[in-house]
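Participant: Protein chains in written order, with numbering that gives the first Met the number 0: chain A, 0 to 309; chain B, 0 to 361.
Think of the hints as simulated: they come from the structure by calculation, not from any bench. Careful: at least some of the hints might be erroneous.
[As the list claims (entries may be wrong)] List time: in silico DSBU-like cross-link candidates among lysine-lysine, alpha-carbon distance up to 35 angstroms:
#1 A:185 x B:11
#2 B:143 x A:161
#3 B:5 x A:185
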Amino acid sequence: MDLSNINPILLVASIMISATPILLAAIGEMVVEKSGVLNLGVEGMMITGAVIGFVVAINTGSPVFGFAIAAVAGAVISLSFGVLTQIFLSNQVATGLGLTLVGLGLSSLIGKPYEGMKTETLPKLDIPILGDLPVVGQMLFSHDIMVYLSLLLVLAVWAFLKYTRFGLILRAVGESHDSAHALGYKVIRVRMAAIMFGGACAGLGGAYLSLVRVPQWTEGMTAGAGWIALAIVVFASWRAGRVLVGAYLFGGITVLQLNLQAAGMTWGVQYLSMSPYVITILVLVLISSNRKKGSHNAPANLGQTFHATR
Amino acid sequence: MIRLEKRPQPSKMWIYMTPVLAVLLTMLFGGIMFMVIGTSPIEAIRTIFWDPLFHPQFAAFSRPQLLVKAGPLILIAIGLSIGFRAGIWNIGAEGQYIIGAICGAGVGLALYPMESALILPLMIIAGALGGWAWAMIPAILKVKFGTNEILVSLMLVYVAENILASVSSGVLRNPEGMGFPGSRNLAQWSSSQNLELFAGSGMHLGVLTAFIAVILAYVLLTRHIQGYNIRLTGEAPRAARFAGVSPARTVLFCLGLAGVLAGMAGLFEVTGPAGQITIDFGSGYGFTAIIVAFLGRLHPVGILLAGLLMALTYIGGELAQLMLGVPGASIQLFQGMLLFFLLGVDVLTNFRIRVGKAEVAA
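Starting from the given sequences, assemble the full structure and let the hints guide the process.
Facilitator: Structure (structure tokens):
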């Protein structure tokens with residue numbers, strides 16, 4: 000094994016790339032959970048975004064357009080979850096699982112003819128001055144636009160939840176849907192909007208996998224990224240800033256194990272591949288064992304069905 | 000205006016009708032899906048639901064397959080349903096299934112080429128223990144630290160898949176297999192083979208175990224205090240705690256039972272239909288069993304029927320792939336749709352649909 004093959008500059012740069020899809024999905028899911036809805040279908044929405052983004056990019060030649068349609072596709076498929084849980088009052092856990100299964104089936108059906116094809120990917124931005132800085136320029140300022148958009152999105156979500164009136168309403172709906180309803184807020188409508196936002200974000204995250212990170216379509220390519228995004232929301236105890244930390248931490252682990260594999264660590268490739276999942280479990284345990292910081296931050300009505308009796 | 004009015008009691012009729020309605024809706028929308036991908040919908044539906052049972056040419060082969068596929072689905076779904084009843088969401092049955100198969104096969108292969116009638120029972124116990132141990136990870140973490148069992152059990156599926164990849168090209172690899180990954184064939188070793196009990200029926204030990212599990216689960220839920228406690232925990236967690244039901248014990252019991260059954264399902268699969276530990280041994284039964292559990296309304300008898308139906312879609316799906324060139328993924332989508340529709344129409348069980356203006360509450 001030759002660790003000197005690992006270039007620290009490229010390492011940091013690739014951490015940003017590998018964290019972006021999970022970051023996008025996780026920040027969307029955080030908004031959904033803040034509104035009191037637990038959507039376990041992130042994996043299904045991500046893979047739908049991945050396949051739709053890829054197919055659109057192949058057929059139009061425009062990855063940007065692919066991202067846009069992937070976001071729409073994520074929102075549309077999340078709408079099915081919204082209708083079932085909010086209007087038909089189905090169990091959110093079961094419906095989320097169903098969404099994942101539907102998404103996985105739908106995506107491999109749509110993606111079959113596109114396997115093995117190559118697509119245009121997003122161009123790296125040429126940021127003047129910053130991009131030319133030694134070391135830091137290549138590490139932080141030579142990425143494609145989605146990396147920066149995802150960071151901007153985290154900032155926007157943070158500000159939206161903390162400083163805007165709508166953010167306050169969304170949090171109120173998540174903390175106590177009965178009180179919010181009594182005050183005249185449209186609980187179902189707010190939750191529907193949050194669910195669709197989460198779907199759009201997951202769709203973008205999925206498209207980032209198939210259009211930038213890999214960039215190819217393979218069946219089941221999200222490989223649990225959606226579930227990890229869910230874990231990151233818990234890890235972050237529903238705070239935007241910590242979602243960012245969690246996603247980058249996880250991106251770091253993924254890239255590091257890939258680098259170790261590439262550096263010729265031949266024994267136990269499988270043990271390296273499973274490390275992100277094992278570490279996610281360990282982190283979840285750490286967070287949940289610290290009761291003061293962890294679960295009490297969860298929205299009080301998370302996962303509960305709302306039915307207005309009056 | 001259309002609105003929903005909560006029923007004082009769940010409707011008896013709709014409890015039985017909703018799965019039927021969901022199947023019909025799935026056939027309808029599945030038909031539309033097949034039309035979109037350019038297959039005749041009527042022919043596709045017939046190939047999936049009718050031909051495996053009654054086609055003059057294929058039925059003789061596919062009918063026994065029904066039990067072969069339904070066995071593991073039912074066995075796993077019974078375990079899951081008991082947890083779901085208590086509000087414990089074990090969605091990592093796929094991992095418990097894989098680890099059960101690895102542990103059971105490992106014990107068997109350690110004794111190879113000994114000949115003894117005790118080997119298969121020993122392997123079954125090892126498989127059950129393997130699945131149990133794998134399920135105990137989320138259970139203990141939940142009890143000790145309050146860690147979310149949904150996420151942990153699911154993460155462990157990916158860990159189990161990596162362990163599977165590792166052992167099938169490592170410790171369990173067939174030394175006479177010319178370096179190919181994959182273990183010795185356990186179905187061809189007389190001490191470990193899990194053969195059909197009646198020729199041409201598809202009925203192997205695993206299917207028999209599944210049927211026994213259905214009966215025992217029924218007795219547990221309707222006649223035993225532990226089953227009552229589980230139902231109470233799911234329906235009224237606070238009342239259960241006041242009545243002295245320990246939430247920790249319920250979690251350990253439910254996850255442990257699901258692990259045991261999933262582990263046994265894995266072992267029966269590896270000694271019978273699958274034959275060997277290979278890298279692609281995980282076949283998704285653990286996930287499909289979730290659909291089976293819900294389609295069967297978390298009731299043992301319902302799960303028995305749902306398992307047979309889901310097995311039919313598997314076999315019919317394979318037949319449709321072969322005869323009509325339908326992509327395999329469409330069957331996966333078909334099964335997912337079934338769960339979706341079921342959850343959607345379930346509203347009719349607990350709510351009445353009223354048309355008209357809402358009365359002003361007094």
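Participant: Give a verdict on every hint.
Facilitator: Going through the hints against the structure:
Restraint check for residue 185 (chain A) and residue 11 (chain B): satisfied, since their Cα atoms lie roughly 33 angstroms apart, inside the 35 angstroms limit. The hinted pair formed by residue 143 (chain B) and residue 161 (chain A) meets the criterion: a straight-line CA distance of about 34 angstroms does not exceed 35 angstroms. A distance of roughly 20 angstroms separates the Cα atoms of residue 5 (chain B) and residue 185 (chain A); the hinted pair therefore holds under the 35 angstroms criterion.
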